[in-house]
Amino acid sequence: MSLLGILQAQAPPKQDATSTIQTLCLRLSTSTLLEDRRAAIMGLRSFAREYKETVASGGLRGLIGTLTKDSEDVDTIKVVLETLLLLFVKDESNPESSEDIALWLTDEFTQKQENITVLIELLQDSDFYIRLYALQLLVAILNNRPSRTQECVLTAPLGISRLVSVLDDKRDAIRNEGILLIINLSNGHTDIQKLIAFENAFERMFSIIELEGGIDGGIVVQDCLQLLNNLLSFNVSNQSYFRETGCVPRLAKLFQFAQEPVPSYAKGQRDTSIEYAMRVCRLFVVPGGLGAAANQNAFFNAGILHLMLVIAFSGFSDFPVRAEALRTVADLIHENSPLQENFAQMKVQYLDPTILPEVQAQQNNPDDLCYVIEGLLDLALLNSSTHAFDARLAACQCLESYFAGNQPVRLHFLNHAINLHAQGDESANVLTCLINLDQDSRGDPYRVWLASVILLHLIYNDEEAKNLATSFKEGDADAGEEVVTMIQSISGNLVAALEHNYDPRIIIGYLMLLCTWLYEDSPAVDDFLNEASSVQSLVSTVKQSSNSNVLIQGLCAFFLGILYEFSHKDSPLPRATLHPILASRMGRDHYVNKVTKLRENPQVRDFEVFRETNHRRRKMGLPEVYFDHTFIDFLKDNYSRILRAIDKDPGLETHNTINGVPHALNGISVELVDSLKAQLEDKDEELQKLQTTCLTLEQKITQEQHESQRAKEAAAAEVQKANAAIDVLRQQHDTESRAAAQKARSEANALEAQIQRARWESTESARKAKEKADAEIAVLRRRVVEVESTLEQEKLARAVEVQRVRADGEAAVKEVTAKLHAAEKETLFAHEGLRQSEERVSECEHRLKASEDALKAATDRAAGLEATTRQQTTTLTSLRESLTVAEARAQHAEKKTQEDQLNITHLEENISTLQTTLKKEEEARTHAQGELAALETRIKRLETEVSEEQTARKKSDEVAAQSAAELDDLFIMLGDLEEKRRGDKKRLKGFGIEVSDDEDGEGDDDDEEEEEEEEEEEEEEK
Amino acid sequence: MPQPWDYIAKVVNIGDSGCGKSSLTIRLCEGRFNPTHDVTIGVEFGSRIIPVDTTPTAQKIKLQIWDTAGQESFRAITKSYFRGATGALLVYDISRRATFTHAIEWLEELRSAADANISIILVGNKCDLADDKREVPAEEARAWAEANGIKAFVETSAKTGEGVEEAFVDCAREIYRNIKSGVYDLNDKSHGIKTNTAKVSLSMDEQTKVTGGCC
Ligand SMILES: Nc1nc2c(ncn2[C@@H]2O[C@H](COP(=O)(O)OP(=O)(O)OP(=O)(O)O)[C@@H](O)[C@H]2O)c(=O)[nH]1
Ligand SMILES: [Mg+2]
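Protein chains in written order, with the numbering used here: chain L, 4 to 1025; chain H, 114 to 328.
Read the hints as simulated data drawn from the structure, not as lab findings.
Treat each hint with caution, since some may be false.
What the hints assert, rightly or not - Selected chain L positions facing chain H (Cβ under 7 Å, derived; list incomplete):
(1) S60
(2) Q114
(3) E502
(4) Y505
To be verified - Residues on chain H that point at chain L, a partial pick, calculated with CB under 10 Å:
(5) I154
(6) S160
(7) A189
To be verified - If you anchor each label on the Cβ, the simulated ranges turn out as follows:
(8) L:E603 / H:P250: 47 to 57 Å
(9) L:S150 / H:G144: 50 to 60 Å
(10) H:G144 / L:L183: 14 to 24 Å
(11) H:G144 / L:A20: 38 to 48 Å
(12) H:D151 / L:Q116: 39 to 49 Å
The model shown is predicted, which means the values in this text are computed figures rather than measured ones.
Glycine included, C-beta positions come from ideal geometry on N, C-alpha and C.
Please model the complete structure; the sequences and the hints are all you need to start from.
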């Protein structure tokens, strides 16, 4: 069977965890019932720890979707967040867990902005776990994809604002998680840092710090300081915001009690917090930084410089704290001359440098004061404790900052040191330390090293200070003492150190100093070359194969290169002599090799990298610090020139040039002297020629000699003139360049101030704009709330309206129903009316019948009249009576028209005439009888027709109308009939028979009633 | 309960957008085909357990397949998933020559981030379009694979399913061969290989009961 076949033949997977999880995932994504979804989520949570991959691959989207879909359901959201957190947790022992899964989870959030937005929205929920879990998820996401997450948070509406507002949460766990999150979020993103700052983060941080108990507040305070650090690091805008919103004094407050003793268990944490706070200070005053000067002044005014010195010179402070305080001091005064001068006047507690630190704490005496410079020198030069190294270096850094950019300070310091040394003063002195290489110095190699570095900073790039140092001499020649210069003393010490293999730090210290000192300074070089054995000693050190110290050999070679480069033919050891010593005795390739090795040594090459770290880790022995940063810069700048120096012909003098401009040697231009010398040589030659060719022409010779004498004199005069001119020029040049420098500096200062102002203004305006925007947002938000409330009100009003309308409707319905009822009642009434009408109709029918009966009776009577003519009168009377009765009846039933009455009267008259003429109508009677019979049958037929018509009329209006029309016809016929009857009656009257006229009126009534009925029917239909 | 596999191996699908990486994964893991192009955002993943030979007691490798996005804008993200990959399917579309010429870039990017021993298979997808739309001859692709140190080449169609199983099975087998010949240090997590320690100590009959499945 093929492999494919096997794959296809695999049994269906049995019910294992995997398929259960799949089922749960399916249910989560498809279920419409919250209950079902919740159950699925609970199930997934129980698998999330062990089956991360399976749960993540099938359930992640559903879980995230729930955050939006079921956001109302706090319990479900909680479980979802918990499950997501479980998926993030790395678990080495679980094969289902991998970094890829956590990364994938992260990408699912960071690739879909809305998912981050949902998490941030959840922070608005006040539920403890929801907030905490949402924060923890954001932290995890941020750790996996920092920059993507930063962008997402930045994009989310009010993202930064919501995150920062977590800091106000009263529950520590949430607040602290929030701090950690914001620390990560602010890392390296200037815009985010600004936004966080504008959310009042500084104020919030200081509130938390104060709430936690200030500098002794523990890890939370440290975190707050870390956050401040992130927000302010290289962020000039935030720095000025911090400064201008009055935060500097709050920062200063942290240091107020920092030198007080604490219980030992709390000391470690406090020292860390203090160092963090100091690092925050230093961010503002990074040398060369843009707002550095403004910040230095603000910090000085807030008393921070003073507080730093108190901490740095407190017997309770440990060396690391003292070191950090001193580094802060160094940055606070760097290149700021008013502060440098202020600084020198400050006093600090005197700490005996020879006393062990532990004892110092007991002897703490804040009233025993000394000048800060003395304190710094004591620490740097005399405190030989190995723990003190960082602090000594920092003290040295303080001095360097004190000197920086301030020549008067440098000259003052150097003069002071020279004077004290000359007086044999006992206090710590740079010169003394360099000159007296005694037992103590050898025991503490950093003493010489630090003294060298301090002097190096004093004379580096400062010709005046250098000349002052070069011109220093010791020893009273008059008293028979040997007069030695400082260079000679130092070179003597260097040679001794090389020969006796003193600690390399001593040798390197001296060499660093000499290299920078002698560079481009031929008089100083000449001073050194006065002692030829020093060169021998250097050369043999470079040649030594036993001394494998690359740094020392390289430095010695480098220094020899400097000596050769700036020597000249008139040097105590002329170039021509020096060159073979280097190129042959030491060897050119050897030289190049050693100098190159030095340059490539990590201590030199990677100096900047090691600078902050390399000595901190060391627990045993001396730190591995060999170089000063200024020297390293110098070495790297001038390396290639010195490397190539050895290849320069000894006849090719460099002399000493500064920036390529020939520089005066002992006040006389070297070039000028050289050209004059050349001229003299030419003249000598000429003279000789003249002497040999014109021996015989003695006069001419004498003349020539005179001439040459004059020429010589002229030349000398010229030399003098030139010298004077040169001096003038030089002075002029010096003053000019100084003025120009001054001007440039003041312009630069003005510019910087301008930049500062512009920056502040822009930050200010940005802040204002932000404030305005915030206010606008607030207004908008308020308006939203207003709109929402009016909406609510409207909704309410509408609800009331709806209610009212409904009530109205119901009333209307009721009314309508009532109306309906009424209508029904009316209908009933109508029915009743109809019935009544019907009754009336039938009554009328009765009456009609009665009339007919009466007619019949009349006819009978007429017949009786026929039979008994004699009884006619009595019959007539009875007829008249019955007529009266009918008349009364008719009057009773309906309103009888006057016309009727008139008719009746008329009829009565007619009848009376009839009665009178009745006898005459005897013959026509038979005929009348026949006609009457026909009439009767006709009436009967009509009656049936009438009843038919009535039923038909009920069926439909039309039929009714038709019926009405037919009825009309009928009435017409009736009318006809009546006419005929009237005719008959006339005729009867003619016979003298009384006839009743009842029917006429009744027939009219019927008609009216029928019309009424029709109307009622119509109403019913409506 | 014990997991039904002996090893987990991480495999990445890479190649230009639209060449069918997601389609191949869906075909393998879910056995269906989606004719629309749902551009992958970042990365997706699925898995499939594959026996390494035809015997009933064959050991099983769970391929954890990371289907990456081909679009340029996700390059930074997808790259972080290359690390620790044991196998890779380098996919191009035989009907679009550009996807094949870009394969070299994908290969370089993969090799710069992944382990040196990664098993790569060149996959020419959409072979159902071979008759009238082919732009990359199979022979040319095979030669290119050889020239670039890729041991296996296969043409597939996620649409018809042709070759899809073979591609992943080839990959799983090569990984298994490497495991057996000791190419990977199984204690070193960076290889993206994990051993099922619980399972390895099981008796044979327990192992045979285990079945494949797909997440
Ligand atoms: N005819 C044919 N079409 C295919 C094949 N495989 C994929 N397609 C189609 O090609 C298009 C792209 O496929 P997808 O798998 O989404 O491509 P993808 O490589 O994952 O693309 P991205 O995620 O953007 O990197 C879709 O419309 C698929 O239906 C195939 O074998 N034959
Ligand atoms: Mg895809």
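Cross-check of the supplied hints:
no.: 1; hint: S60; result: 6 Å, holds
no.: 2; hint: Q114; result: 5 Å, holds
no.: 3; hint: E502; result: 55 Å, violated
no.: 4; hint: Y505; result: 50 Å, violated
no.: 5; hint: I154; result: 5 Å, holds
no.: 6; hint: S160; result: 7 Å, holds
no.: 7; hint: A189; result: 9 Å, holds
no.: 8; hint: L:E603 / H:P250: 47 to 57 Å; result: 55 Å, holds
no.: 9; hint: L:S150 / H:G144: 50 to 60 Å; result: 39 Å, violated
no.: 10; hint: H:G144 / L:L183: 14 to 24 Å; result: 46 Å, violated
no.: 11; hint: H:G144 / L:A20: 38 to 48 Å; result: 22 Å, violated
no.: 12; hint: H:D151 / L:Q116: 39 to 49 Å; result: 19 Å, violated
Violation of the numbered hints given earlier is confined to hints 3, 4, 9, 10, 11 and 12; the remaining hints are satisfied by the structure.
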